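Colleague: Line order of the protein sequences matches chains A and B.
Mapping to the working numbering: the first sequence position 117 is 117, numbers consecutive.
Numbers in the working numbering are just positions in the second sequence, counted from 1, shifted up by 1000.
Treat the hints with care, as some may be off.
[Said to hold, decoys possible] Chain B is nowhere near these chain A residues, computed Cβ spacing over 12 Å in every case:
1. Arg19
2. Thr31
3. Glu73
4. Gly74
5. Lys83
6. Asn87
7. Val90
8. Gly93
9. Cys97
10. Thr122
[To be verified] Now the in silico label distances, taken between C-beta atoms and shown as ranges:
11. A:Gln9 with B:Thr1046: 32 to 40 Å
12. B:Pro1027 with A:Thr4: 50 to 58 Å
13. B:Arg1151 with A:Thr31: 24 to 32 Å
14. A:Gln96 with B:Ser1066: 43 to 51 Å
15. A:Gln9 with B:Lys1017: 42 to 50 Å
16. B:Gly1155 with A:Thr4: 41 to 49 Å
17. B:Ala1255 with A:Gln96: 27 to 35 Å
18. A:Gln96 with B:Gly1247: 38 to 46 Å
19. B:Arg1268 with A:Met1: 23 to 31 Å
[As the list claims (entries may be wrong)] Computed far set for chain B versus chain A, every beta-carbon distance over 10 Å:
20. Glu1060
21. Glu1144
22. Lys1259
No wet-lab data here; the hints were simulated from the structure.
Predicted, not measured: the structure shown is a model, and the values here were computed from it.
The beta carbon of each residue, even a glycine, is placed where N, CA and C say it ideally should be.
Given next are the chains, with one letter for each unit.
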Amino acid sequence: MLLTINGRQRRLTVPPMARLLDVLREDCGLTGTKEGCGEGECGACTVLVDGVAVDSCLVPVAHVEGCQVVTIEGAAAAKRSAKALQNAFVEHGGAQCGICTPGMIMAALPLKAGASRDEIKTALAGNLCRCTGYISIFNSVEAALSPAKKGPPSRVALRRASAHARRR
Amino acid sequence: MPVDARTLTLQRPRNLKAALAMLAKEPTLTPIAGCTDVLVGLHFGTSDTRQFIDLWSLDELRGITSKPILRIGALTTYTEIIASPLVQKRVPMLVAAAREIGGAQIQNRGTLGGNIANASPAGDTLPVLAAAGALIVLRSASGERRVSFARFYTGYRTSVRQPDELITAIEIPAIDGRQWWRKVGTRRAQAISKIMMAGVRSPADHLRQGYGGQEAGRHSCKVRIAIGSVAPTVVLAEAAAAVLSQGGAIGDAQAALRKEIAPIDDLRSTGDYRQQVAANLLAAFWKDTE
Chain A
1 MLLTINGRQR RLTVPPMARL LDVLREDCGL TGTKEGCGEG ECGACTVLVD
51 GVAVDSCLVP VAHVEGCQVV TIEGAAAAKR SAKALQNAFV EHGGAQCGIC
101 TPGMIMAALP LKAGASRDEI KTALAGNLCR CTGYISIFNS VEAALSPAKK
151 GPPSRVALRR ASAHARRR
Chain B
1001 MPVDARTLTL QRPRNLKAAL AMLAKEPTLT PIAGCTDVLV GLHFGTSDTR
1051 QFIDLWSLDE LRGITSKPIL RIGALTTYTE IIASPLVQKR VPMLVAAARE
1101 IGGAQIQNRG TLGGNIANAS PAGDTLPVLA AAGALIVLRS ASGERRVSFA
1151 RFYTGYRTSV RQPDELITAI EIPAIDGRQW WRKVGTRRAQ AISKIMMAGV
1201 RSPADHLRQG YGGQEAGRHS CKVRIAIGSV APTVVLAEAA AAVLSQGGAI
1251 GDAQAALRKE IAPIDDLRST GDYRQQVAAN LLAAFWKDTE
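For reference, chain B alone in the conformation it holds in the complex (with noise of 0.2 Å):
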């Protein structure tokens, strides 16, 4: 049953200041911004929440700079993400999936924060800002804190963030080497994932300049490997990408990739096809990355 709007309550801050104060006072309200998770929740009745405040003319949180890490405001759209040169050059994985999520009405209005905040284990972006190795940025009334994207969920749906936080932007420090990303869904258009994987592979000579000669000599390369919807949180595959930084071989890598991540059974799919696909991916994104 849909919720009744009349029982529904919004607060509309002018400023980011305004929003945080509200927020501090009243921790228990429901930020929304695009609304593309919020409303289809109360539209179908399982969304708890009643309480909401307004983010969405919040400009102070929309843009995308580099000076000199790329910073993405968490209202920054899809479709902003897709237009931007800066993330097309420098985050080409994060580009390809916005264009993956839902279709151009979708785009208009969902945000890179939403997306986070909205931490579904099926969230598109979150694979790529997990590979990415991003930065959140929290804000309260009473300061900002970075959080790196690997500690920010703590289980299903959780995540570190207070409930008198709002997450106002992310941080994506360069990115070596080549990005990859796959998503599989039921169809090409206007799907919910089933699995995808985002890739980062930077080679040896990338890294003895980047990050010193004595890790030179231990790893052939650096492999960062990222995998939704396999888990009640987006997986850093760190077993699997130390397999293949160390020259190990892909079937290797593949065995250690199925002990990292627990997909389950659920409407889009099975714990056993995403097992299979996603050691498929893998030797894809090895493949592509060549």
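So that you can see chain A by itself, here it is in the shape it has in the complex (with noise of 0.2 Å):
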């Protein structure tokens, strides 16, 4: 089967019915993507094929043949905004314990910028945080996707300016 992954094309045998998270994890040693619940709820496992998010647990790999398919380890090369939203959750505390994180960021590559604080809420829908409470993950992409906005600094922004000031 030919696949094209992340701009690069792999010849495989795999069967057609196996998940497509097998095979990014297991066959083509993509292990960005990961597998929390199995069932399409958690959403970490969020991949995308021809610019669509989908949960890769819920995709046999069949159905990608002849597609674009872009993991979480591709996403910088794929899309621009996607280095946007690694810092954001940096700044913005987006990230903790991490599992969540790349389903969080391949759902909302697909977003366009100043996308409204209702459309984030809605691509993320189907993405499960069980640490930071959902605000700071919309806050931090929010913040990916509205350059010019300016919000109330962050925790991390104050530390660095006092850190910084403290230099001078």
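Hints are included, so try docking the two chains, each in its own frame, into the full complex.
Modeller: Structure follows, in structure tokens:
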């Protein structure tokens, strides 16, 4: 089976009904995509197929033959917003234990610049996080997608600013 | 235990005709589309099926048309339903239901035909299709037939669909009056329903124009109510609807409704809770559509 994953073609011998998640992790060594629930509830295994977010635990690999698959490893190369999302998650405390983070980023990737809070919540409704209580994740995505908007500075930003001031 | 994917077979027809021919030859094949239910069953070892036929690439089964009746291809995803101006205009309660199915990832893959074929009592679009008086288009190698949604299911996860038939489309006639939808789950997003209700309330003047004067004299309005997750299949609450249609009190309609449903205790909720919430939803429907 010929698959295109993160822009690279791979010829794999895998059963057609194998889960895309297992093929990515076990046959391609792309372990950035996480398995949480295995039943489409948690979104940790989210990848993009032809630009559309899907749960890779619920996609038979046969369905992505001839499609462009993007995982968290290829996010930065595929979408300009990936780097901004990564920075914003660091800046705004969007990641704690980290297991949901790749899925959160992948689910946020299809969002357009300037997406509203409601649009962000809808895009991330299929992603569960047991650490953050979601607010800091929504803040991260909002910040990444609206670079011009000035919100209150985050704790990380304040700490950095005071460290900077001390050095001076 | 997950089923080993190497023990599973997948036939991949190139078009609908080929798919129907394969099914005629091997009616034991299980059709798959978005796989949002099928792969869960295989992963948790609750599914006995090992031989599948893939419909996902059959574009003939996608799309939404309205000439003149609204026709939704069986492979149409929830995302496509939500985005469709036609469905938004004609069946807003279907858009409301589709929005509450899983998250974006599920809505991008799950299909309307799959929701019907999977036949879960908790299928979110099913009360909508029942209240809308939808028709299910079934096709086999030997021909096509239409079954009214109310007659489609014969019991828990069983239907009149023959093993060699595929659901190819869902037809929804024009709906007069106000449409209403409510889902009650554990949380607002990404929850399987504890109970959900769809309702249509057509005022009397619509009735006179649409259905003839003799009926308008008897009924003050026409009401259709369907409830999910309260019985082995979706329930069309005809007795409760009749009470309301004839101008009866909401309390009497609620009493009638309680007799029409048979909710069970399960991991998501209790039968008592569902009885009470069903009655509450009926009152909310009646108030909201005044």
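Colleague: Confirm or reject each hint.
Modeller: Against the structure, the hints:
| no. | hint | result |
| --- | --- | --- |
| 1 | Arg19 | violated, 6 Å |
| 2 | Thr31 | holds, 18 Å |
| 3 | Glu73 | holds, 19 Å |
| 4 | Gly74 | holds, 18 Å |
| 5 | Lys83 | holds, 22 Å |
| 6 | Asn87 | holds, 23 Å |
| 7 | Val90 | holds, 24 Å |
| 8 | Gly93 | holds, 22 Å |
| 9 | Cys97 | holds, 19 Å |
| 10 | Thr122 | violated, 7 Å |
| 11 | A:Gln9 with B:Thr1046: 32 to 40 Å | holds, 36 Å |
| 12 | B:Pro1027 with A:Thr4: 50 to 58 Å | violated, 35 Å |
| 13 | B:Arg1151 with A:Thr31: 24 to 32 Å | violated, 50 Å |
| 14 | A:Gln96 with B:Ser1066: 43 to 51 Å | holds, 48 Å |
| 15 | A:Gln9 with B:Lys1017: 42 to 50 Å | violated, 32 Å |
| 16 | B:Gly1155 with A:Thr4: 41 to 49 Å | holds, 45 Å |
| 17 | B:Ala1255 with A:Gln96: 27 to 35 Å | violated, 50 Å |
| 18 | A:Gln96 with B:Gly1247: 38 to 46 Å | violated, 57 Å |
| 19 | B:Arg1268 with A:Met1: 23 to 31 Å | violated, 38 Å |
| 20 | Glu1060 | holds, 17 Å |
| 21 | Glu1144 | holds, 27 Å |
| 22 | Lys1259 | holds, 35 Å |
Checked against the numbered hints above, the structure violates hints 1, 10, 12, 13, 15, 17, 18, 19; every other hint is satisfied.
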